[in-house]
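K.L.:
Given next are the chains, with one letter for each unit.
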Amino acid sequence: MSSFRTRAMVMVVIFSLGFTLLSTRLIYIQLIEHTHYQEIAIRRQYDRFPVAAKRGNIYDAQGRVVAQSVQVFDIRVDGKLAVQNPKGMAELAEALELRVADLNKKITANNRYILIEEEVSPECLDKIKDLKLKEVILSERTRRFYPNGNEASHLVGFVNRANLRTDVDNKNLLTELGAGGVEQVMETFLRGVPGERRVVRDRARAEIAAYRMADIKPRNGLNVVLTIDTSIQHAVEQEADRMVQDFTPKGLHIVVVRPSTGEILAMTSRPTFDPNERKTMTPETLRNGAIMDIYEPGSTFKLVTLSAVLNEGVADLNTQIFAENGKFFYAGSWLNDTHPHGMLSLGEGLKVSSNIVFAKMGLLIGQEKMYRYARLMGFGDSTQPASLALGGEQVGILHPLRKWSAVSLTRIPIGYEICVTNLQMAMAVSAMANEGKLMEPRLIKGVIDDQGRVVKQFLPRMVRQVVDKDAAAKVCLAMRGVVSDDGTGGQAAVAGFMAAGKTGTSRKAINGSYKSGAYMSSFIGFLPADKPEFLVSIVVDQPQGKTFYGGSVAGPAFSNIATKVAQQLNLAPDNVTAPKKAFVKGGPNEKT
Amino acid sequence: MSRNRIRKSNTLQRKRLFKLLAGGVLLTIFGLVYVFLQVRVHQLSEDIKAQEVKLKKAQELNSTLSARVESRKTPRSLQTQIAYLKLNLINISDPRIDVIEAPIFRRSSAPPHGTALARQDRGR
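Going down the list, the sequences are from chains W and U.
Position 584 (the first sequence) corresponds to 584 in my numbering; numbering is contiguous.
To convert, count from 1 in the second sequence and add 1000; that's my numbering.
No lab work stands behind these hints: they were computed from the structure.
Every residue, glycine too, gets a C-beta built ideally from N, C-alpha and C.
Some clues are possibly wrong.
Stated by the list, open to error - In silico PhoX-like cross-links for lysine-lysine, where the CA-CA straight-line distance does not exceed 20 Å:
hint : chain 1 : residue 1 : chain 2 : residue 2
1    : U       : K1057     : W       : K564
2    : U       : K1054     : W       : K127
3    : W       : K134      : W       : K87
4    : U       : K1073     : W       : K217
5    : U       : K1049     : W       : K129
6    : W       : K469      : W       : K531
7    : W       : K132      : U       : K1057
Unchecked claim - Computed list of chain U residues with no C-beta within reach of chain W, every gap over 10 Å:
hint : residue
8    : R1014
9    : K1019
10   : G1023
11   : L1044
12   : P1075
What the hints assert, rightly or not - Covered by chain U, per the in silico footprint, the following chain W stretches (three or more residues, Cβ under 8 Å):
hint : region
13   : 59 to 73
14   : 145 to 155
Sequences are here, hints too, so could you generate the full structure?
P.N.:
Laid out in structure tokens, this is it:
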């Protein structure tokens, strides 16, 4: 009996101890290690992940898409599983319209994330999804798409993809980052803010939708509206391609602006790149020559000298100047004209582009005033405020007065010893076409949201009044003479319109000395001459072939571009008779 | 059994029994409704998720197709189409076109060059 009682007591003690230990452990887990286990449970069940915001679109002035982000899928394969399922791979090859042998070549058992095809079409994607192959991995991403290809690529820019750390558990998010042009300048508006999704998962890591917590929605990027018009841009690009074919230049750049507002309607450079094709992007092609390349403008700079002279009232368009029969000796150096002339009026001097006449004009107004007017017209300075400047804009070279030599005052007025960008030149001449008001070049019209509401607007801004209205009108009048049968820019005439312009041909300095046969040919002009709606500035770097004069290289290009731009802007013709050579047989302006 | 014992024993309290039964039934109903509603919540949330997936797919397709449309609307693409289809379009400013109704021009009230109105003007 006693042994039974003893055994029973022992059992009771053992069980009691066991339960006490168990209870102690439970209490320890439940009360003391509560937070630790709660954290583990939360980590396993709850998940937070960032939701990407859609990058904003870029539109042209007419609301046509210039850049947009598109969802794309890449097809990848788990090599280890794929080698075990040759039948499935054959089906995949059929869906992708690939040869089975080609597909199998890409598959290796030790690579579990093999890229098979990039950016498959939606139809193809559906076919692959229907196959339900566990070896296939659909990798989703966005791609920046530029429907116009290489057109306006220097302005629009491009994006790079980068993994950015977010505030959501420090998780990374693949994000498109602007890396050039407007994409970079307007990055803060275009990018948007990523959102957040918080979910509860089951043991198999699948989301339990009923327990989903409130999402923080992403804020999509805002859309940017440019001043460029893709139709005008296309006309400019076509002409640039033609010039590259005809003259095989080292480079060329064309700028089309609206003088009254400073809006850039089109801008192109050669060589160029296609932002859709990474392989076309090289340091040379990425250069936006219109704002990055500086050159000695040559005769087009005579317009600056002319406006200074007229504004100062030291001469008029009818003032007679002796052109020294083509040879002028000053400060120990000879200056020549292409064709010798005797007495010329100032207006005629511009028409025939006499270097001697304008060198004398420089001497007439003096170096202080020459320098001051060049600065007033924006040379030696950035054309835009830093916040809106396109990356890499050069300010050009305009030496301070202390660095001017004895001959500088005869060279700068004719566009030597000074370096400018095409955009600077375009804006300075636009000031003449805009009653002497220098405008800030404007590429971005505004920022709008998804509903089209205006978030930010960039209005036209006048920089300063550089010359008075009368002087500007006289410069425009003189420029009309250039685009006439006996002017240097006769080939720039536009049928049905009175155009105004100036040719420029300057020798190109390479490694500090002028190289024979290397020229910069340019033409700058606007239309209609009496009330300019647009201005075109063309610069061709080292044209090859029979001719190198600005009037023959860039002049016809101006005529072609201006004809198309006038059509696009729906301008009523001036009913003037343009020189016969401007008409193209069978073309839109052929006389009946 | 004596009469007294019968009198002292508990009688069936119908009212209380009814209350108990009614309470039980109500509890059961509430429980079932709760379970039913929970199941519905799960079903609906699954439906929402399925709709979200569909919506995402539609948005993806939409973005792809809109990109295709945009690429076909570019001036270069349209020009290629015109050449390919041999449409032989001519510019609206071409003198061979007689515009019956003069469009609104920005700059001038003069009839456009080459139109019937312009020829009448020249004739005057």
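K.L.:
Where does the structure disagree with the numbered hints, that is, which hint numbers, in rising order?
P.N.:
Violated hints (numbers, rising): 1, 4, 11 and 12; every other hint is consistent with the structure.
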